[in-house]
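Here the protein sequences come in this chain order: A and B.
For the first sequence, our numbering gives the first residue as 938, with consecutive numbering after it.
For the second sequence, our numbering gives the first residue as -8, with consecutive numbering after it.
Simulated coverage check for chain A against chain B, where a stretch passes if three residues somewhere in it have a Cβ under 8 Å from a Cβ of chain B: (1) 1011 to 1018; (2) 1057 to 1070.
DEER-style ranges, computed between Cβ atoms: (3) 1098(A) to 25(B): 30 to 40 Å; (4) 28(B) to 1054(A): 21 to 31 Å; (5) 76(B) to 940(A): 40 to 50 Å; (6) 1003(A) to 107(B): 21 to 31 Å; (7) 999(A) to 63(B): 38 to 48 Å; (8) 1038(A) to 103(B): 24 to 34 Å; (9) 36(B) to 1039(A): 14 to 24 Å; (10) 76(B) to 1091(A): 54 to 64 Å; (11) 70(B) to 1038(A): 29 to 39 Å; (12) 1075(A) to 107(B): 41 to 51 Å; (13) 1003(A) to 94(B): 45 to 55 Å.
In short, the hints are calculated from the structure, not lab data.
Quick reminder that beta carbons are idealized off the backbone N, C-alpha and C, glycines included.
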Amino acid sequence: MARRPIAIIDNTLLSCLGKVGIHDRLPMVFDRVLIPPAVNAEHGAGPGKARQRLRNLKKELPDFFVSCNDRDPFQLLVLNEKLDAGEAEVLAQADFWRTQQAQQQVYALIDERKGRAFGRRLDIKVWRTGRLLVEMKNRALISQVQPYLDNLRSRTTFWLDDSAYRAVLRLAGELSRF
Amino acid sequence: MATIFLSYSVAPADGPVVSRVKSIAVVSGHTVTMPPRQHPPGSPLATIAMRQAVLASDVVLALASVGGPQHDWLNREVQTAFENQKPVVALLEAQIAPQATFPPGVPVVPFDRHTPYQAQAAIQNAVQVVGDAALPQQEGGGLGQLVGGLLLAGLAFWALSRD
Chain A
938 MARRPIAIID NTLLSCLGKV GIHDRLPMVF DRVLIPPAVN AEHGAGPGKA
988 RQRLRNLKKE LPDFFVSCND RDPFQLLVLN EKLDAGEAEV LAQADFWRTQ
1038 QAQQQVYALI DERKGRAFGR RLDIKVWRTG RLLVEMKNRA LISQVQPYLD
1088 NLRSRTTFWL DDSAYRAVLR LAGELSRF
Chain B
-8 MATIFLSYSV APADGPVVSR VKSIAVVSGH TVTMPPRQHP PGSPLATIAM
42 RQAVLASDVV LALASVGGPQ HDWLNREVQT AFENQKPVVA LLEAQIAPQA
92 TFPPGVPVVP FDRHTPYQAQ AAIQNAVQVV GDAALPQQEG GGLGQLVGGL
142 LLAGLAFWAL SRD
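Isolated chain A (complex conformation) (with noise of 0.2 Å):
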């Protein structure tokens, strides 16, 4: 049987998975989440409870939720010309992880467009918070993804404009194609 993917979280998207309270079926998806550093700097300079959260996902999932510092830093340089911190780190360790591990798929999980097209130039496969909340559903751990895209629309500073809201619900079979 295949092993589930290895995944690299950015700052935006960990947020996200935190407040609407559906971090903890990521082992169900993933093999394991690695938190590049400048990830966890700028999650440590957010406000209190997002430090709490991170802190106490990694108290409770120590073995899946790794912090992580594996990459080439020469491409690390390079990417950050274009890239801001957290988001450079993620691809050059999606990038990493797949030259390691070719039994094994690599995710980047970035909510930035920058980031994504990046990604997706590198040949570094890419989901944003909509798409994982579509893989959760097709794993039937969440019976729907609206309720959830709806919270995080209101709630926090999520981005997601209506073409791109309506594609996600579309793909995760909650909207008709007419």
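Since the structure of chain A is already known, use the hints to place chain B on it.
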């Protein structure tokens, strides 16, 4: 910006070098195509897929490090580029003799893994050379399309004026 076909033969431990080259090219605004290598080199499927990818690119960047086990792939990819008048730029580890693989005239950028910062500069230099090498292809392509378009327009005008 160019579409680069990144041909490579690197030792397993040198995977990060391929990633660096790719990242530098992407950050510089180029599109990078990796060679399709699911089928054995020389097999009909591999040859067709590789030829299509080379033809769709503006330039081929050939990367080789010592101990790279995929020279057969690299040689076929470079040969296909030559046959189809695609410019080739070689990025070779310093110990590899370029004349073994490439005919004279191919720009060769050497790199040395033992001096990582200089190796990084060499990769950046190679991407710059690749971008420059792609320009005539792109301009030529644009000119060809323009000439073709003008010819078609002329033919259409001639046909209409006959009626």
